[in-house]
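Chemist: Take a look at the letters that make up each chain.
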Amino acid sequence: MKPAAFEYHAPTTVKALLDLLAAHGEDGKILAGGQSLVPVMNFRLARPPKLFDINGIAELDFLRSENQKLRIGALTRHAAFHRPVVEGPTGTLLADMARHIAHYPIRQRGTFAGSVAHADPASEWCLVLVTLDGEIVAKSASGERVIRAAEYFQGTFATALRPHELITEIRLPVLDASWRTGFYEFSRRAGDFALAMTAVALRREGAKIKDARVGIGGVEDRPFRCTAAEEILTRNGSLAEAAEAVSKAVKPLEDLHADAPYRRDLVRATTRRALERALA
Amino acid sequence: MKYIGASPRRLEDRPLLTGEGRYSADLNAPRQLHMRVVRSPVAFGRIVSIDTAQARRLPGVAAIWTFEDVRDIPPIDIRLTRVGGLEPYRQTVLARDYVRYVGDPVAVVFAEDPYIAEDAAELVLCEIEELPACVSALDEPGDFMPATLPGAKTEAAVVTKSYGDLAAAFEKAHAVVTLEVAVGRHTGVPLETRGALASFDPSTGILTMQGAAKVPHYNRDQVARMLDLPGDMVHFIQGHVGGGFGVRGELYPEDVLVCQAALHLKRPVKWVEDRHEHLLAANHSRDQLHRMRAAVDERGFILGLEDEIYTDQGGYVRTHGVTVSDLAAAMLPGPYVIPAYRATAHVRLTNKTPAGTYRAPGRYESTFARERMLDAIAARLGRDPIEVRRINLIPPERMPFDRGIDALGTRVVYDSGRYALLLDKLLAYLKYDDLKSQVAQRRSRGEKVGLGLAFFVEKSGLGPADKAVISIDADGKVEVVTGAASLGQGIETVMAQICAEVLDMPMERICVVHGRTDRIDYGMGAFASRVTVMTGCAVKAAAEALREKMRAAPPHAPVSAEGWFHADHMNYPYGIHAAVVRVDVETCGATVERYVVACDVGRAVNPMLVDGQLVGGAVQGIGGALFEEFIYDPAGQPLATTFADYLMPTAAEVPPIETLLTEDAPSPQNPMGVKGAGEGGINAAGAAIAAAVDDALGRPGAVTRLPITPLRLHRMLFGGG
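One line per chain: the protein sequences are A and B, in this order. Going by numbering that gives the first Met the number 0, 259 is the number at position 260 of the first sequence; the sequence numbering is gapless. Going by numbering that gives the first Met the number 0, 701 is the number at position 702 of the second sequence; the sequence numbering is gapless.
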């Protein structure tokens, strides 16, 4: 399949890009890794009249840890996370999750920020953003704003980002050693979209869990934290109880591969297994 | 030099591995136009109008055709298994009056580049009066094309095969076991999509189509007839081919359209389908349901077997006619005696992509049905499934065994087979008793893991004949010209091995030509696992004739000789698949931990290539058992039209496939004793995996439908749906 005709722009600075977005944002899409956008264009499901290629904007290519925050620049590829990028549980969690994203060649091009902009309900990075309560830094010609993860996802492929805005970076907390993380995903084949996945982060003091994050993805139209499960864990309820709470709380999407009853059972399993991995 | 039985590396691989392959998409001709098909967006409807005005105005569009422009081209005819009454159901090269499946070609655009062609195709507006779609072969047959062909119902044919006294069998039965099973719609999905480049040379009057495959001579003859050209003025050329599996190489509307366009537009015409189109428009297969009744004695010996088969053949009857149903019915009895039998196969047309022959056509399905029945019999009588099979096996002293029915126009007579021996060898290879007890121990610790096994008989070496012409030049270089076609299976190597052994010379001096109607007048191509047998024996005959001539000729004189091989019976390789499968009942994921294909091919010319065929087939078979399915909604809209939803197994989903190749039953029907190896690897995969899953769950008969998806497993375990 060939895409419909489009006008191609390749600005080399953030300012040039933001000016283009201010003038033509409604009419265009940003091209970073292209691993979601290009197939969608080839199927002609999307026909952006303009494409703004940001791969030449060196200022967007950074990945660094600063003030207990991991700052992930817009051009950071999935593959960057294959090995832990920062010491401690955040680095380990990201490395665990990275290898579930599609396949190796796709990870060499696709970007973390691109996944967040695309907001596929089965995106691992969208899940970790919500689970760890990260931030999205969005710039436009008129300024910059920071959007909290909890306010960012609005549905399948729908976010709080405006047409003239660029995600310049994503920020995640760098968790200290008192935290334990775990991730479990189920898909039909290696590299496929998750039918259900759970990411957890638990802060422990001795044997007690003082703070719990239980993130669920691939089940509803956006990733979310299951506060019912988190409460069970912080009052030291069992992992099984917490998993059951997730299963009861979700309103699962239905598709070719999974109906609601199956997804409920699946998310119970992914949650329990993510928790077991965190506490192993 | 001994070449037969050796495993030299393939002569054809260098260009393929060094990026020098020339597949259809790599071919280009000066001034070529690009063809893009406009396809029906609805599953069934009457075409009211097709408006091409806006599309024509797009700069770079050379022409747009609808049925009116091609009405003189007759429908695509039936190549195999013609039974009376199929004519009305053939497909025209563009839809006439009605569309019968999503993807049915309604118009075709010719443009300067593929981007413009696709832009223009989108601007073609089809007004179609939608009709309720039929999406099940079990529905009462309806009207095929109500206004145009009144009276033509969607049951295109009923194929019956029977022998013995079934009534008596059921009368004296100790038990009657009934079972209904079905295989989901799926197909071979070659890595290379279909494509073609056609050009007409006005100075010679020759029309050439590159991108042919499977049956170039037959297709050439058909296109010449359909376009009203002399046969020797049309040439079909096969280049590098990225897989066939039965799907590539049948004559499709697009093949005829590129040829007609090259002729009439007086420019070369190139067409390459994208993957989405391929999944919509190239033949589907396997969509078949079986309702069986078996009469058995107390030991589980089958006294009689009756089967009502429903084949969902999609929108039209394509070139293979009723082959899938014919072979399903003919090969269902498999390696078992079954003294009385009747199969009635209903060939039903629905509003889905037309279905055709896919590797082991009719046999993947009927092996699944029959082996599930054997397991059901064992469960009903409380007997061991392997022992029940053993007592039903045709003993070697009854070979050649006349099955009492025919298939593909030949009487089915099993030429040779030592079924019980292969079973013993496989069980020894598996260390079966240990394996069974290991699996049982794991189950006692809570794992859901199971072992399953399934027997099959395949068919190969379809005649009626094959021809080879071999020449040696003054430098001692040998050229073998065959009428075979390459699908990537290694013809250039295997034929060179056979020739080299007869001529006693290094195989590297031998070049094998195939797939070219301009180099040899007679060719039957590659399908039905025929090439090693038919072309191989023709090559042997030609090489022997050449050797004789060389002895009589002066040294270094160029010499040429011809050889033929004729066969009016097929021959019958056979085998057993075994699988160990673990089910995770919390996620309903199934993992194939171990997979073994045991197969007797009579004699293996190149054991490495036979192994390759068995392994590749097994992976496809696992795909059909666990992953691949074309699903349609009630309106006939296909829901799996990309690789995101049509799931092919990758290396991560399959274990290393183990093969046990034996040569205990060479074929007495040809001088080399060879049988074909193309389809043994896939045949019993559905059955073996199903048996393993039943065993893992401890629920005999749980699996009655393929593919065994997590969603189906969930419903099996927990209800619902």
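Don't read these hints as lab results, they were simulated from the structure. These numbers were taken from a predicted model, which means no experiment stands behind them. Accuracy of the hints is not assured; some may be wrong.
Quick list of the computed label-pair ranges, beta carbon to beta carbon [to be verified]:
| id | chain 1 | residue 1 | chain 2 | residue 2 | range |
| --- | --- | --- | --- | --- | --- |
| 1 | B | 76 | A | 37 | 53 to 59 Å |
| 2 | B | 638 | A | 177 | 43 to 49 Å |
| 3 | A | 207 | B | 592 | 38 to 44 Å |
| 4 | A | 226 | B | 630 | 44 to 50 Å |
| 5 | B | 638 | A | 159 | 28 to 34 Å |
| 6 | A | 67 | B | 12 | 53 to 59 Å |
| 7 | A | 38 | B | 432 | 49 to 55 Å |
| 8 | B | 464 | A | 38 | 31 to 37 Å |
| 9 | B | 13 | A | 143 | 43 to 49 Å |
| 10 | B | 446 | A | 239 | 44 to 50 Å |
| 11 | B | 47 | A | 38 | 29 to 35 Å |
| 12 | B | 67 | A | 38 | 56 to 62 Å |
| 13 | A | 203 | B | 389 | 57 to 63 Å |
No residue lacks a Cβ here, since even glycine has one placed at the ideal position from N, Cα and C.
Chemist: Each hint should be assessed against the structure and marked as holding or not.
Modeler: Taking the hints in turn, this is what the structure says about them:
The supplied range of 53 to 59 Å is broken by residue 76 of chain B and residue 37 of chain A, whose beta-carbon atoms lie about 41 Å from each other. The beta-carbon spacing between residue 638 of chain B and residue 177 of chain A, approximately 47 Å, falls within the hinted interval of 43 to 49 Å. Separation of residue 207 of chain A from residue 592 of chain B is about 40 Å and conforms to the stated range, judged on CB atoms against 38 to 44 Å. The hinted window of 44 to 50 Å between residue 226 of chain A and residue 630 of chain B is violated, with their beta carbons roughly 36 Å apart.
The hinted window of 28 to 34 Å between residue 638 of chain B and residue 159 of chain A holds, with their beta carbons roughly 31 Å apart. Our hint of 53 to 59 Å for residue 67 of chain A and residue 12 of chain B holds, since their Cβ atoms are close to 56 Å apart. Between residue 38 of chain A and residue 432 of chain B the Cβ separation comes to about 51 Å, which falls inside the hinted range of 49 to 55 Å. Look at residue 464 of chain B against residue 38 of chain A: about 48 Å separates their beta carbons, and that is not inside 31 to 37 Å.
Look at residue 13 of chain B against residue 143 of chain A: about 57 Å separates their beta carbons, and that is not inside 43 to 49 Å. Hint check: residue 446 of chain B to residue 239 of chain A, Cβ distance near 20 Å, so the stated range 44 to 50 Å is violated. For residue 47 of chain B and residue 38 of chain A, the hinted distance range of 29 to 35 Å is satisfied, since their beta carbons lie about 34 Å from each other. At about 36 Å, the beta-carbon gap between residue 67 of chain B and residue 38 of chain A misses the expected band of 56 to 62 Å.
For residue 203 of chain A and residue 389 of chain B, the hinted distance range of 57 to 63 Å is satisfied, since their beta carbons lie about 60 Å from each other.
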